[in-house]
Amino acid sequence: MNKKLINWLICILILCGILLGVGAFSLSVGSAGIPFKKIIPLILGGRGTTEYSILFDIRLPRIILGLAVGSALSIAGVLLQGMFRNPLVEPYTLGISGGAALGVCLNIVLRLNRIGGILSIPASGFLGAVVVILAVYSLSARKGILKIQGLLLTGVMISFISSSLIMLIMAVSRTEDLHGIVFWIMGSLEEPNLALIKVVVLISVLGLFISYLFCAELNALALGEEEALHLGINTEKTKRLLFILASLLTGCAVSVAGVIGFVGLVVPHFIRMFVGGDHRILLITSALAGGAFLILCDTLARTIIAPLELPVGVITGIIGGAIFVYFLSKKQVTLGGKR
Amino acid sequence: MKNFDSIKGILTLKICFFAVLALLYGVLCLEPLYVNSAIHAENNSPQRIISLVPVLTEELYLLGVENRLIANTSYCKRPPAAEKKEKIGSGMKISVEKILYLEPDLILAKWYSNQKQIEKLRNLGMEVKIFPDVKNFSGICEELIELSKTIGSEDKSKQIVRRAKNKVSSIQRKIKDLSKPKVLVQIGAKPLWVATKDSFINDFIKLAGGINIGPSGKSGLYSREKVLEQNPDVIIIVTMGIVGEQEKETWQKYKTLNAAKNNRIHIVDSYKVCSPTPVSFVEVLEEIVEILH
Chain A
25 MNKKLINWLI CILILCGILL GVGAFSLSVG SAGIPFKKII PLILGGRGTT
75 EYSILFDIRL PRIILGLAVG SALSIAGVLL QGMFRNPLVE PYTLGISGGA
125 ALGVCLNIVL RLNRIGGILS IPASGFLGAV VVILAVYSLS ARKGILKIQG
175 LLLTGVMISF ISSSLIMLIM AVSRTEDLHG IVFWIMGSLE EPNLALIKVV
225 VLISVLGLFI SYLFCAELNA LALGEEEALH LGINTEKTKR LLFILASLLT
275 GCAVSVAGVI GFVGLVVPHF IRMFVGGDHR ILLITSALAG GAFLILCDTL
325 ARTIIAPLEL PVGVITGIIG GAIFVYFLSK KQVTLGGKR
Chain B
758 MKNFDSIKGI LTLKICFFAV LALLYGVLCL EPLYVNSAIH AENNSPQRII
808 SLVPVLTEEL YLLGVENRLI ANTSYCKRPP AAEKKEKIGS GMKISVEKIL
858 YLEPDLILAK WYSNQKQIEK LRNLGMEVKI FPDVKNFSGI CEELIELSKT
908 IGSEDKSKQI VRRAKNKVSS IQRKIKDLSK PKVLVQIGAK PLWVATKDSF
958 INDFIKLAGG INIGPSGKSG LYSREKVLEQ NPDVIIIVTM GIVGEQEKET
1008 WQKYKTLNAA KNNRIHIVDS YKVCSPTPVS FVEVLEEIVE ILH
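The listed protein sequences derive, respectively, from chains A and B. If you read the first sequence in the numbering used here, its first letter stands for residue 25, the second for the next number, and so on. If you read the second sequence in the numbering used here, its first letter stands for residue 758, the second for the next number, and so on.
No lab work stands behind these hints, which were simulated from the structure alone. Where hints are given, some of them may not hold.
What the hints assert, rightly or not - Listed next, the in silico BS3-like pairs over lysine-lysine satisfying Cα-Cα at most 30 Å (straight line):
#, chain 1, residue 1, chain 2, residue 2
1, B, K947, B, K886
2, B, K842, A, K62
3, A, K61, B, K975
4, B, K937, A, K61
5, B, K886, B, K933
6, A, K62, B, K844
7, B, K937, A, K222
8, A, K222, B, K947
9, A, K62, B, K937
10, B, K937, B, K892
11, B, K937, B, K1010
12, B, K915, B, K947
Claimed, not checked - Label pairs and their computed distance ranges (CB to CB):
#, chain 1, residue 1, chain 2, residue 2, range
13, A, I328, B, K906, 50 to 58 Å
14, A, L134, B, Y1011, 56 to 64 Å
15, B, N1015, A, N110, 40 to 48 Å
16, A, I185, B, K947, 51 to 59 Å
Built from N, CA and C at the ideal position, the CB exists for glycine as well.
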């Protein structure tokens, strides 16, 4: 095995270790105040007790959803930043999550959730994301060619339009609907429906699998579109596919967990500082790190001022942002790899 | 050779990576996570109650069953003793795990409580009673009776409601021949938000012998221009602290406004007005009658 591969394996093992550590930490702390030394006996033989239920019915589903949502957003971030060669691109700047949020707001205001049940909320979030993807895509594709700059600008504009429309809806909505909208927009990893959590896990695993098949294309696109074309890559087809893949991953994550910003933007950059810009390793490590980061942020959100719970986006923004700026000032990074 | 190495490398990486993912997914799907382990009360009267709503907390004290209330939210500040109870979160976010840990046999919530969290609590086998939106004074009374039925102390609530209704009727008799001033009740500033004709605050104004000039729709969003045009005789500001004082000063600047000319802009306690029990409803009603006449 060559040296690069060994380094990569070490990176993956370290991140798996961090992920397991964060998962174990998240499983063992919370507002219920179960003593640390009781955790292992509880896991082994505490079936049927309240404490066991707290660990496995409340904390574990949150950890799993955190892993899935964090990974999905990070993979989407890697894909978009890779193909756009722009460090500010993430699912949120492209209006995808704005579309999902708008879908959910419309659902609440039009009271569709009273007819379609609580599952109609993530469904309409996903639908909102899909509508935005189609709009952004069709507005920036000319004669079958996807214009990257146009796509970015259209996305940012659609994002603004969505947030303005959400504000409009909030201004004219009934007080009772306002509560629902605010709860959803704050974002949370608390999801009562286990089937939905499984769907998000499955989609983020599939997303990683499919995007991994495009490693070489992503690496070529990082050199520039023309260069990629000369390397024999069908750039139009690849861009289209990757854009749709990133959008679906985001739409799925956002529709279940609400608006949790920042993960898709910061995790790929952060990981790129350490492993470089090669997508073969960047995709896997970003997915692992995104999951670990979101689980950690959620754990902090629910423990800092327990039993009061903070919206998880507050922690991802403040702590994630601060750590990122610190490392950025220490280390320079480019999209092509380490400088 | 180097090429072969790198292909082999990628293959190994891919295999490792998918093995980890398959393992993770497998673990997730192995067993159903939800085991209904919460403990239900054997008899019909719950002994361990958690209230997620300030007004329901207050009503439990009115009914004299505060010893059965084991926890509430950080928003539950009335009566002062309620503040000392164990907290399970704020009104916006509650800690599901803390609730489960406390093993309640009844959780009291309202229509505006976080739906996802309520569903989670129910999935965990806990009993959650959700109280609907209250539109008027009789709705407030019904809510108290419903609560007392749920916790099994009906007589006390009927007594409280009877007394409150009698007081309201006697107030009505006293004011029936007085003139009816035009009233605006302001609930929020920036944007200006006023009490609509649909809200129970409308009942305060109606029963106190005033006319609510607020909009009849569901949304209380309103314009200052419209307020000036309608020219209310009295403005009641339901906001606490500095915002209320600022709003009062703002209204006083409009010299054509009857309420400003006659110095009839008042600030009332938002906590009492916005989440009244039958008892505090009567108290606020007396205060408003005082303001209007």
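Where does the structure disagree with the numbered hints, that is, which hint numbers, in rising order? 1, 3, 4, 5, 7, 8, 9, 12, 13, 14, 15 and 16
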